[in-house]
Amino acid sequence: MRWLAVAWLGMAGLAAAGDTRAEPWPWGALVLARMDEGPNDPRLEKYLPDLKRVFGYRRYEIYGQAWGTGPANAESIVLPTKEFFVKLRPRGEGNRRLGFEFFRNERLLVEGEAVMPVSAPLFITGPEYGHGKLVMIVEIRDVAPKGR
Amino acid sequence: MSELNPNDRQLIATEYFDGALGPEELAWFEENGLASDPVVKETLEGARGLRELVRRGARPEPPAALAFYWERVRADVQGVGRAGARPMRASWRWATPVRVLATAAAVLVGIALVLPRGGSMMSTVERAESRQPGLYTSVVPARGASVVWITGLEYLPEGYVLR
Chain A
1 MRWLAVAWLG MAGLAAAGDT RAEPWPWGAL VLARMDEGPN DPRLEKYLPD LKRVFGYRRY
61 EIYGQAWGTG PANAESIVLP TKEFFVKLRP RGEGNRRLGF EFFRNERLLV EGEAVMPVSA
121 PLFITGPEYG HGKLVMIVEI RDVAPKGR
Chain B
1 MSELNPNDRQ LIATEYFDGA LGPEELAWFE ENGLASDPVV KETLEGARGL RELVRRGARP
61 EPPAALAFYW ERVRADVQGV GRAGARPMRA SWRWATPVRV LATAAAVLVG IALVLPRGGS
121 MMSTVERAES RQPGLYTSVV PARGASVVWI TGLEYLPEGY VLR
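Top line first, the protein sequences correspond to chains A and B.
Taking our numbering, I'd label the letters of the first sequence as residues 1 to 148.
Taking our numbering, I'd label the letters of the second sequence as residues 1 to 163.
No wet-lab data here; the hints were simulated from the structure.
Heads up, some of the hints might be wrong.
Computed list of chain A residues with no C-beta within reach of chain B, every gap over 10 Å [to be verified]: (1) ILE77; (2) PRO90; (3) GLU93; (4) SER119.
Negatives, chain B to chain A, calculated, CB over 12 Å [what the hints assert, rightly or not]: (5) GLY22; (6) LEU26; (7) PHE29; (8) GLU31; (9) ASN32; (10) LEU34; (11) VAL39; (12) LEU53; (13) GLU71; (14) ARG74; (15) PRO97; (16) GLY144; (17) PRO157.
Distance ranges between label pairs, derived from CB positions [what the hints assert, rightly or not]: (18) A/PRO39 / B/GLY33: 44 to 52 Å; (19) B/PRO23 / A/ARG43: 30 to 38 Å; (20) B/GLU45 / A/ARG97: 45 to 53 Å; (21) A/ARG97 / B/PRO38: 30 to 38 Å.
No residue lacks a Cβ here, since even glycine has one placed at the ideal position from N, Cα and C.
Work the whole structure out from these sequences, hints included.
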């Protein structure tokens, strides 16, 4: 059983080290989905399988991206463009349950509540744009405060 | 009509074409000679052309996204039907309830160890609503991400520059 105790302590140590370095911080991108062929934005590589499965478009580009104005455990505005943006605020204990509000300019398009673990994206659909569609991606990322 | 930008003119032309303008708006449209405005004319011609194209076609093709979803629904329905009709294969007989439960428990423990801070790796939308007239919101379950789907948003024409 000694190896088990060593492994357990090692994992606990790693987790503790990760907690001191990382800080959950919201990030968002306004994505333009299109039907035409062409290269996808490499920054969206992680999201492409889900984007393609959910929306069915062929090409995805980032129109704008931004980090939130505050950490995930406080009120934060993710403003990838001035026209479309998301306000987040923590609900309840911890920073996983968040209230979200998706705006176009002054107009509140949708508001709700979501449990958002780190690295688990939330997609909010925007309007049709030309032959494509706008999609807002919101995600909580673990980041080193100076590495943002 | 110089105060109207091209996007406004396109929107008005589309509403005119759809018959969505009320009597006062229609009178205003005609008084201001918007029918002869180049942007309005171009938009109306495009809409008429599209209508003709759709009417001439033997069978309208659904939009790509709709076809995509329909294909998924059909595949799911067929998949359920096949699974229900198929008898258990001999190679699956090892999967006794005890073994299945033990395997599921082991997988759950593994997931709990791998997940950071012991939580789910997917966002879960618990509530989403739009209080704006004409906007409807639904939450679409997806494998890797939660999706809040808003319908009824205004169409943005190609080339529209977001601020």
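So, going through the hints one by one against the coordinates:
1. ILE77: Holds, since 15 Å exceeds 10 Å.
2. PRO90: Check passes; 14 Å lies beyond 10 Å.
3. GLU93: Given a closest Cβ separation of 13 Å, the condition holds.
4. SER119: At roughly 7 Å from the nearest Cβ of chain B, A/SER119 sits no farther out than 10 Å, so the non-interface label is violated.
5. GLY22: B/GLY22 is indeed farther than 12 Å from all Cβ atoms of chain A, at 22 Å.
6. LEU26: 26 Å, holds
7. PHE29: 24 Å, holds
8. GLU31: 30 Å, holds
9. ASN32: 27 Å, holds
10. LEU34: The claim holds: B/LEU34 sits with its nearest Cβ about 23 Å from chain A, beyond 12 Å.
11. VAL39: 16 Å, holds
12. LEU53: Its Cβ never comes within 12 Å of chain A, the nearest being 15 Å, so this holds.
13. GLU71: 9 Å, violated
14. ARG74: 14 Å, holds
15. PRO97: Given that every Cβ of chain A is farther than 12 Å from that of B/PRO97, nearest at about 28 Å, it holds.
16. GLY144: Non-interface label on B/GLY144 violated, nearest chain A Cβ at 4 Å vs cutoff 12 Å.
17. PRO157: 7 Å, violated
18. A/PRO39 / B/GLY33: 44 to 52 Å: 45 Å, holds
19. B/PRO23 / A/ARG43: 30 to 38 Å: The hint (30 to 38 Å, Cβ to Cβ) is violated, given that B/PRO23 and A/ARG43 are roughly 50 Å apart.
20. B/GLU45 / A/ARG97: 45 to 53 Å: 52 Å, holds
21. A/ARG97 / B/PRO38: 30 to 38 Å: 53 Å, violated
The structure shown violates the earlier hints numbered 4, 13, 16, 17, 19, 21.
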